[in-house]
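Peer 1: Can you build the whole structure from these sequences, using the hints too?
Terminal number for the sequence shown in the UniProt record's numbering: 148, no gaps in between.
To be clear, the hints were calculated from the coordinates, so they are not data collected in a lab. In this text the structure is predicted, and so the values were computed from the model without any measurement. Using N, Cα and C, we set each Cβ at its ideal position, and we do this for glycine too. Incorrect hints may have been included.
What the hints assert, rightly or not - Computed beta-carbon distance windows for the label pairs:
1) 98 <-> 60: 16 to 24 Å
2) 58 <-> 140: 25 to 33 Å
3) 59 <-> 88: 29 to 37 Å
4) 134 <-> 3: 15 to 23 Å
5) 74 <-> 137: 24 to 32 Å
6) 59 <-> 107: 34 to 42 Å
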Amino acid sequence: MIDWHIRKAELKDADELQECMLLAYSEYEDRTNVETLPPLNVDYKDEISSFPVWVVEVNNNVIAGLILSFEENKASLANIAIHPDYQGKGLGTFLLNFAEKEAITKGYSEIHLATHPLFTENVFIYNKLGWIVFAQDETKVHMKKYLR
1 MIDWHIRKAE LKDADELQEC MLLAYSEYED RTNVETLPPL NVDYKDEISS
51 FPVWVVEVNN NVIAGLILSF EENKASLANI AIHPDYQGKG LGTFLLNFAE
101 KEAITKGYSE IHLATHPLFT ENVFIYNKLG WIVFAQDETK VHMKKYLR
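Peer 2: Written out as structure tokens, the structure is:
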């Protein structure tokens, strides 16, 4: 098992977080233009300043990121990404559970996310973990999970 550490992101993490996000989404380059995906076209210093953002570290290197947003009526998973070298090791499930606990702590009864319809493995994993599709169009699959 990997010895990872999760913590709130700091402004100094912005460049490493962006690099991690780009690497994580690079596996989809053959399916879509990853440069046009909204989660990648942001200033991560702004994200860290404006939203709850966490990073996961191994040996002081950022290997994953989680960005949440909390609105009046819903919690949303704005972005979750794991460096390709650390995918498939349980970190994604850990981060999803972490996001759910954060939403529950803040009093939310459901959490939402959107993914790309061409990222079929993500939809499959989310379904397996209890998320349901509630809307879909050409560029997004909208999913939610009811929290206990």
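Peer 1: Against each hint, give a clear statement of whether it holds in the structure.
Peer 2: Results of checking the hints against the structure:
1. Checking the proposed 16 to 24 Å range against residue 98 and residue 60 shows it holds: the Cβ atoms sit about 20 Å from each other.
2. Roughly 31 Å separates the CB atoms of residue 58 and residue 140, a value that falls within the hinted 25 to 33 Å.
3. A C-beta distance of roughly 19 Å is found between residue 59 and residue 88, which places it outside the suggested range of 29 to 37 Å.
4. Restraint check, residue 134 to residue 3: a C-beta distance of roughly 37 Å breaks the suggested window 15 to 23 Å.
5. Roughly 19 Å separates the CB atoms of residue 74 and residue 137, a value that falls outside the hinted 24 to 32 Å.
6. A hinted range of 34 to 42 Å for the beta carbons of residue 59 and residue 107 is consistent with their spacing of about 36 Å.
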